[in-house]
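**Student:** Protein chains in written order, with this note's numbering: chain A, 1 to 269; chain B, 1 to 269.
No false leads were mixed into what you were given.
You can't tell identical chains apart in this list, so a pair holds if it fits in one copy or across any two.
No farther apart than 20 Å at their CA atoms in a straight line, the calculated lysine to any residue pairs in the SDA-like style are these:
| no. | residue 1 | residue 2 |
| --- | --- | --- |
| 1 | 63 | 177 |
| 2 | 63 | 184 |
| 3 | 63 | 164 |
| 4 | 63 | 185 |
These aren't lab readings, by the way, just hints derived from the structure by calculation.
2 protein chains.
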Amino acid sequence: MSQPPTQQRADFITGDDVRSACRASRWTGQTSGLAPGYAQANLVILPEAQAFDFLMFCRRNPKPCPLLDVTEPGEFTPRSLAPNSDLRTDLPSYRVWRDGELTDEIGDISALWRRDFVSFVIGCSFTFEAALLRANIPVRHIELERNVPMFRTNIECQPAGIFHGPMVVSMRPMTPSNAIRAVQITSRFADVHGAPIHLGLPEQIGVSDLQAPDFGEAVPVHRDELPVFWACGVTPQAVLMAAKPPLVITHTPGCMFVTDVLDETLALG
Amino acid sequence: MSQPPTQQRADFITGDDVRSACRASRWTGQTSGLAPGYAQANLVILPEAQAFDFLMFCRRNPKPCPLLDVTEPGEFTPRSLAPNSDLRTDLPSYRVWRDGELTDEIGDISALWRRDFVSFVIGCSFTFEAALLRANIPVRHIELERNVPMFRTNIECQPAGIFHGPMVVSMRPMTPSNAIRAVQITSRFADVHGAPIHLGLPEQIGVSDLQAPDFGEAVPVHRDELPVFWACGVTPQAVLMAAKPPLVITHTPGCMFVTDVLDETLALG
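Whenever a hint applies, use it, and build me the whole structure from the sequences.
**Tutor:** See below:
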C-alpha cells in the first residue's frame, strides 16, 4: 500500500473533515484556518482522581477556562460538540505529561486510554478572532503570521484543590475605536473567553514589557493603539504543569479539536 | 390665593409628577435625580423651514443626536414618550434663541407657539449613567456633584443643509475593567448615545488637556484610570448655535423633559 495522499488546507470544509483526516493520520499539523467557521477547542484529559479539582477550578475561573463540554469518566465523545467524534484519535497531535514533565508527543492516544479518564473541552480564542476579522478589525499576530503574545499577570486565579496560579492573558493591539468594537464583539462569546479583562494600562496587571511575552511571540504596538488583554486558554495549561499531577494528556499547541459547532452558535444574541 | 406649596425632590415618583409640577409652575429647577428610572430628554424646537435639515443632521449623526421622537408641525405632544404631555409647558425652563443669540429664559412657551414648530426630543446620558450606577460603576462628576466635562473634538459631524460642526464628547474617567463594563452596558443604550466613541488616547480625537473642558466642569483623572468619551447631546446645541437659524427654542441645560418611558425600555436585550 502506498501512503495516503496528503491533503490541502482548503480540502477541510467541516469539523468532520478535519477529524477524519486526523483519525486516518492524513493530517498531523496545526489546525488554524482549517474548516473555517467551525469552533476549535483546547483539550485536557485527566484521571478521575484529579478531575473534580480541575472541574472546580474551571468553574471558578470561567474567563480563562470556559468549558464547552466535560465527558463522563471513560467516555471519549463530547456529544454536545461532535456526536461522531473520538477524542483519542481526532486531534492532529497530543502531548503526554507525567508529574508535570512532557514525556511524549503522539498522534493517537488509544493505547494510553483508561476507563477513569475525564476529558475537558475548553473554548479557544480562534472563535472570537474569526468574529473580529469578519468585522474588519485587524488582528496583528494573524497579519504577521505569528503566535499571539501571552503574559503572566499579577491576577491570581481562584484556587481549587491542587490547582492554583496566575491568570495568563493574550494581548492584541488595537486603535481605541477598534478596542471598543472588540469589547462589543467578544462580549457575545462568553464561552470562548468573552470580553477583555483589561486594556490600556498593562502595568496595572503586572505586565511591564509588552515586547517580552511569557509565551508566544511579540508583536509591535503602534503609537495610536492600546494593548487589549483577554483571559487565555494557556492559563489552565500553566496551572496543570505547576500542579504536576501524575498524568495529563493535552492537545499539542495549535493542534486543536475541531468541533461540529459553528463559531456563531457560541455567540449570544 | 396663596402660592402653590413647594415640592420636595422625593415627591416626584413618575415622569407625569414632574411634568404636572412644571405645568403648574411648582417646579422650575434642574431635573437630575427626579422620578428615578424614567428617561429624561433634550428638547430642540425649530420652525418647519429648518426642520428637514436638522432631521437629516440627526439621522446622519445618531451617536451625538439620538432621536427619541419628532413631532409633526404644530403638534406639541410626543406620543411615543408621554401621551398626555405638552412640550409647551412641561419642562421647568426653556431658552429662546434668535439668530444664534440667547434672548430669553422662560418657564412656559405657550405664548410663542407656532403652527409650524417641529419638536425634536433627543436622548440624554442620564439614562445610561443610571445604568452604570446600578452596576456599581462610579461616575466621577456625579460623586463630585459637578456637571460632566465636555470637549470639542477633531471629529467632524456629517453635515446636513445649514448644520455642521465638530462632535462634542463627554468624558468619564474609569479604571480599565470598569471601562470594559461601561462599553458593555452603554452599548445596550443605542438611543441615548450608546457605546463610547473613544477611550485612552485623547490627543487622537483632538483633546489636549483633560483639565480644560470646553463645556461643563473638570474632574480629576486618576493614575489608574482611562478617560472614556461618549458622543454628547451638546453637539446638536453647538451646531444649532453655529448655524444661527432665525428662531430655536431649547430646554435650559439640566432642565429636561421627563418622559413616561423607563430607562430600561430604551435598552437592548
